[in-house]
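A.B. asks: Listed below, chain by chain, are the residues.
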Amino acid sequence: MPGVTLEARELSKWFGSRTAVDSVSFTVHEGEVIGLLGPNGAGKTTTIRMLSTVLAPTGGDFAVAGVPSSRPADIRARIGVLPESAGYPPHQTGLEYLMYHGRLFGLSRDEARQTAVRLLAQVGLADRAQTRIATYSRGMRQRLGIARALVNNPSVMFLDEPTLGLDPAGQREILTLVRTIAEARGTTVVLSTHTLPEVEQVCSAVLIMNEGKVVVSGSVAEVTSTEAASRQSGRLRVPPDQVARASEVLQRLPGVSVEVSKDVVTVTSADGMNNLVSAVLDAGITLLSFEVDGARLSDAFLAMTRGGTS
Amino acid sequence: MSARIIAGQECRDLWLSGRGPVLTFAYALLLSAVTYLAATNQILNFLEQRESVNLVLQIAVAVGVLLTLVVAADAISGERERGTLESLLLTPVSRGSIVLGKLVAAMSLWGMVFVVAVPYLWVLGNGVAVVGEALLLGLVVGTLLALSMAAVGLLISARASTNKVSLAASLFLLLALFAPTQLPAMPTSSVGDLLVRINPVTAGMHYIGLVLLKGHTWTQDLSYLISPVVAVVATAVALIVLGPRIVRLTGGVGSG
Amino acid sequence: MRLLLAALVLALFPATASATVEVTVSESRITGTVGQYLNIRSTVTNTGPSPTGKLIAHLNVASLNDVYVDLEDWTAAPTQSLPPLGPGERAEVSWDVQAVNAGVFNVYAVVLPDGSESLSVSPPIHVEVAGRRTLSAGGALPIALIVPILLGIAVYAVRRRLQNTA
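Which chain is which? The protein sequence lines are L, Z and C, in order. The first sequence begins at 1 in my numbering and counts up one residue at a time. The second sequence begins at 1 in my numbering and counts up one residue at a time. The third sequence begins at 1 in my numbering and counts up one residue at a time.
If you are wondering where the hints come from, they were derived from the structure by calculation, not from laboratory data. Take the hints with a grain of salt, since some may be wrong.
[As the list claims (entries may be wrong)] Covered by chain C, per the in silico footprint, the following chain Z stretches (three or more residues, Cβ under 8 angstroms):
no., segment
1, 9 to 21
2, 25 to 37
3, 111 to 124
4, 202 to 208
[Claimed, not checked] A few chain Z positions that, by computed beta-carbon distances, are all more than 10 angstroms from chain L:
no., residue
5, Ser2
6, Ser87
7, Leu88
8, Val93
9, Ala129
10, Val165
11, Leu171
12, Ala176
13, Ala179
14, Leu194
15, Ala238
16, Leu242
Glycine is no exception: its CB is placed at the ideal position from the N, C-alpha and C atoms.
In isolation and in its complexed conformation, chain L is listed as follows:
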């Protein structure tokens, strides 16, 4: 088991009388990519800002890469952060921007230039290195932000909504980049995102927050299966001309309730889903698709955050 690289203990943050984060504790291991999920206002960004020392916690403490929270400058030297809705100086070129931040992390001018050139190539912006950031698309800016977060070769990266506002292709691009970075560098990544299907692909673990608290944490499989086991409903899709017959067959089964909509039959059963599928197939009905509620991360997310919108 790799060592713990990020540890939060009873971390809390109040803004006046409002509790943004309430006694949050968790650990993240070296090389892990953890998805930080939760609806708006769950406390994800505040948690990331506390862990990246931009906000001072009201209570609790934490350690990043073995450095306690009492040494914020040392922590900042070891982390890379892509803040939520980060702004970029429009007049600077990508190269100037990365060089500047490299120098702020103690690199010499030459080192900063070499690092900037390498990172721009890594995030696919080599051909735009000398153009102003004002001309970059949102996706390009996010990639530039990720490059900036890597400028100090961090032990831990915090990416706060890196796919926000991007089209599906842009989201895929960023998440692929995150996965590549995590695999190639062995960097621990804390990824706050709303694109849950991608989290299932990229993250090895998830931590779901709601109303400032951690409601569940663990591997993606653990979190998903826990929620799936508690669910006993699903949707069967059949050809439109067989919908009525499917409904009739299913309603004959004990303890089953049925709702019909176009070619989808939504069923709830106290005895699980297997007997429903068997009954439909035995009746000679063509089953086009079958989906059990709770089998996806998004279901777990919605259930645990009481349907909160993400």
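Given chain L, work out where chains Z and C should sit, using these hints.
C.D. replies: Relative to the frame of chain L, chains Z and C by itself:
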């Protein structure tokens, strides 16, 4: 070291891609118009060459202080609103270095304003051996005022909830400080003299007038420079003490 | 360069024998040009054996060549109050006056003691004020044009640079 890097980048942002050249250009147009009118003596009915030099110097100092304050007032709250402050706060650089770097960048505007004023003062003061004195006066008094106003601007910028609030508060403060310079014969009464002396702007401007216009020696009315010097020291101490605490991601009183 | 000179002449009124206050001025002769500010400094000394009451120092300007003098144009505050002086004590008092007319003048300070004592008057300062100096528009115009042009070129260069990196 970090402060130098920040100052360098801020200066590049200001002068190579920002508002610095445009502001200086507009200021030069103003000085050109005033200088030409003063020199031709047709519209501004000046009695003496020293008055022309004094007028241009006072304008240079006033505009220089104004521009320095505006840049300083935008330095932190503006970055906050543009979303670029967070990435700066995420570097291992101390808050003090951030403040110092931004102070230097704001002061670079005063430096440029002063340099641009030199040829105007030279052409107006040529022949009455007053150019050197005017330049030195402008440099000393202007730097004191610009430095204290830049520090005040940064403090306001760090504390303001929005950039608009920061700019509005800073400009109001400057207006309040400059307004008494337009009142006639303030120092003729003891209360008026006290008001002139405790306001660093009126005190500095009055001192320039006394030395340049009325021919006083530099030491004769040195006490007028007490409040500008005190203002610089007080604002510098406030920046050093408060800077690390108030330069943060969110502005406004009581913000976390 | 110099057009006119005006002179301020301090009218010296000999102090009477009963006066206990003596007024002196720092200079006896000043030359300048119209519009120039002149700093008149004087010292008031109690030469008597007893303390004075509150004193009032007043500056006056008298023309020696029939030029009209309106004292308020020369200084906004010709009269200043002085604290009582003990025997042998002295006080400095100064005026900034602007020579608003060309000509020859006498400038003098008068101290008015309390009670029925006589006025004390300083020696005069002879002031010659030269006429208006006409500034050279020819000298200012090139500067007034060249500086904005150079800065305008700088602004243009910066804009071009930004466009080139777009």
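A.B. asks: All hints, please: hold or fail.
C.D. replies: Hints versus structure:
no.: 1; hint: 9 to 21; in the structure: holds (count 4)
no.: 2; hint: 25 to 37; in the structure: holds (count 8)
no.: 3; hint: 111 to 124; in the structure: holds (count 6)
no.: 4; hint: 202 to 208; in the structure: violated (count 0)
no.: 5; hint: Ser2; in the structure: violated, 6 angstroms
no.: 6; hint: Ser87; in the structure: violated, 6 angstroms
no.: 7; hint: Leu88; in the structure: violated, 8 angstroms
no.: 8; hint: Val93; in the structure: violated, 5 angstroms
no.: 9; hint: Ala129; in the structure: holds, 45 angstroms
no.: 10; hint: Val165; in the structure: holds, 19 angstroms
no.: 11; hint: Leu171; in the structure: holds, 24 angstroms
no.: 12; hint: Ala176; in the structure: holds, 32 angstroms
no.: 13; hint: Ala179; in the structure: holds, 36 angstroms
no.: 14; hint: Leu194; in the structure: holds, 42 angstroms
no.: 15; hint: Ala238; in the structure: holds, 21 angstroms
no.: 16; hint: Leu242; in the structure: holds, 16 angstroms
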